[in-house]
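Here's the letter readout for the chains.
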Amino acid sequence: MTLVTDQFWSQGDFVATSSGMPDIPRVRLPHPVAGTGHDAMGQLAEQLAGKIVGVLRGDVAPDNAA
Amino acid sequence: MNLLTAADEAAALELLHHTECTDGLPVVIPTRERVARMVVATGLDGDLDLGAMGPGGGAATIEKIATNAVMAGCVPDHMSVVLAAIRAMLQPEFDLGEMQGTTHSTAPLMIVNGPVTLHCNIAAGFGALGPGHRANASIGRAVRLCMMNIGGARPGVSDMALLGHPGKFSFCLAEDEASSPWEPLADSLGAAPGESTVTVLGAEAPHSTIFVNDADDPNSPQRLLRSIAAVIANTGSNNASFGAGAVAVALNPEHADVLGSAGMARADVQGELCRLATNRRGHLRQLNPGFVRPGDDDDAVRAVRRPDDVIVFVAGGSGLYSAVFPSWAAGAHHNPVVHERIVTDEACEIPFATS
Chain A
1 MTLVTDQFWS QGDFVATSSG MPDIPRVRLP HPVAGTGHDA MGQLAEQLAG
51 KIVGVLRGDV APDNAA
Chain B
67 MNLLTAADEA AALELLHHTE CTDGLPVVIP TRERVARMVV ATGLDGDLDL
117 GAMGPGGGAA TIEKIATNAV MAGCVPDHMS VVLAAIRAML QPEFDLGEMQ
167 GTTHSTAPLM IVNGPVTLHC NIAAGFGALG PGHRANASIG RAVRLCMMNI
217 GGARPGVSDM ALLGHPGKFS FCLAEDEASS PWEPLADSLG AAPGESTVTV
267 LGAEAPHSTI FVNDADDPNS PQRLLRSIAA VIANTGSNNA SFGAGAVAVA
317 LNPEHADVLG SAGMARADVQ GELCRLATNR RGHLRQLNPG FVRPGDDDDA
367 VRAVRRPDDV IVFVAGGSGL YSAVFPSWAA GAHHNPVVHE RIVTDEACEI
417 PFATS
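Residue numbers (this note's numbering), protein chains in the order written: chain A, 1 to 66; chain B, 67 to 421.
Fair warning: there could be bad hints in the mix.
To be verified - Some chain B residues close to chain A (C-beta under 7 Å, calculated; not the full set):
#1 Pro121
#2 Gly122
#3 Gly123
#4 Ser224
Because the hints were derived from the structure by calculation, they are not lab data. Note that beta-carbon positions come from the ideal geometry of N, C-alpha and C, so glycine has one too.
Taking the hints into account, I'd like the entire structure generated from these sequences.
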């Protein structure tokens with residue numbers, strides 16, 4: 001699976017398709033993540049960790065169609 | 067290949083704009099006849115596939131490249147240069163797909179050497195990277211259109227350059243071999259004397275480097291080298307931050323003469339620029355700590371790893387200004403320079419025609 005920020009969502013779709021993996025599960029992150037600081041990144045990780053694990057297990061739908 | 071139809075050339079142009087097949091400027095409509103003429107000029111089969119162009123992985127067939135060359139305004143004689151540039155960029159170490167997708171402003175700078183520069187009238191002197199030179203503009207534009215229409219690069223979707231630079235329209239020039247105190251750049255990269263070649267580096271826009279020579283000052287050559295090295299080491303560049311990647315240096319004939327007359331060979335200039343283009347680790351750490359490797363703050367950190375990563379060539383009008391082209395310095399291969407022979411003995415003579 002891949003984590004893709006808002007601003008790169010279209011590129012994520014493009015790369016997935018051109019790499020022959022159009023259905024690879026993708027989870028959308030806000031943009032930016034880098035540079036937002038330790039605490040903000042920690043909060044984001046806490047917020048998304050469950051979803052990411054769920055997508056990996058197949059229990060949660062990815063954001064591909066979002 | 068998919069064929070589009072339109073009522074007339076004006077409608078065809080609008081269709082090409084609408085389908086995002088242009089670079090935003092008007093193009094020559096690639097009619098079946100024009101493309102066929104361009105393919106014949108190559109002496110190659112239109113279906114011959116030179117490779118997959120990233121990031122989209124489109125097949126770079128001779129016919130598709132010819133189509134984009136027509137759109138760019140090329141004449142058949144330009145095709146050998148366009149094909150060589152595409153072949154060069156398809157070399158794995160060029161990392162074309164990654165380069166097209168990066169947020170950096172990199173674009174393929176094409177430096178042409180050899181007899182083909184005279185045959186195609188590729189400019190090397192005043193304003194060689196500016197407007198007014200048909201071959202430079204058309205060849206560079208053809209490569210860009212191939213990157214878009216075959217490689218699939220589209221701004222904000224698959225070409226993520228945050229700003230880009232005007233060299234992404236066209237970025238092609240010749241080396242001024244006649245004014246150079248050294249062997250042609252191509253020869254220094256292993257080409258046989260008299261061979262035509264194209265050398266390609268994914269590069270930023272040129273950074274101007276002012277230097278006033280003083281023939282009475284024995285330190286003039288060293289001052290010139292230090293001036294250029296300071297621009298190579300500019301801390302805004304990826305090279306300075308990553309300590310990797312190639313850089314190109316376009317010496318104008320006057321500046322090249324200062325160094326040549328001092329007895330310096332091209333390799334000497336490369337070595338000195340590599341040695342001098344440094345920043346203190348502590349200074350880099352103050353600016354972008356995330357990129358700095360562990361070490362003492364007083365260490366001199368090189369912007370390029372080795373002399374061969376400094377591509378020195380002669381171009382432009384004579385005067386105060388030379389130019390440095392920093393690079394992206396990233397990708398799996400750290401943005402090296404690539405080089406390809408221009409094959410002209412396969413080409414067919416095609417009468418010049420614009421219709």
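(message) Output the indices of the hints that this structure fails to meet, ascending.
(response) none
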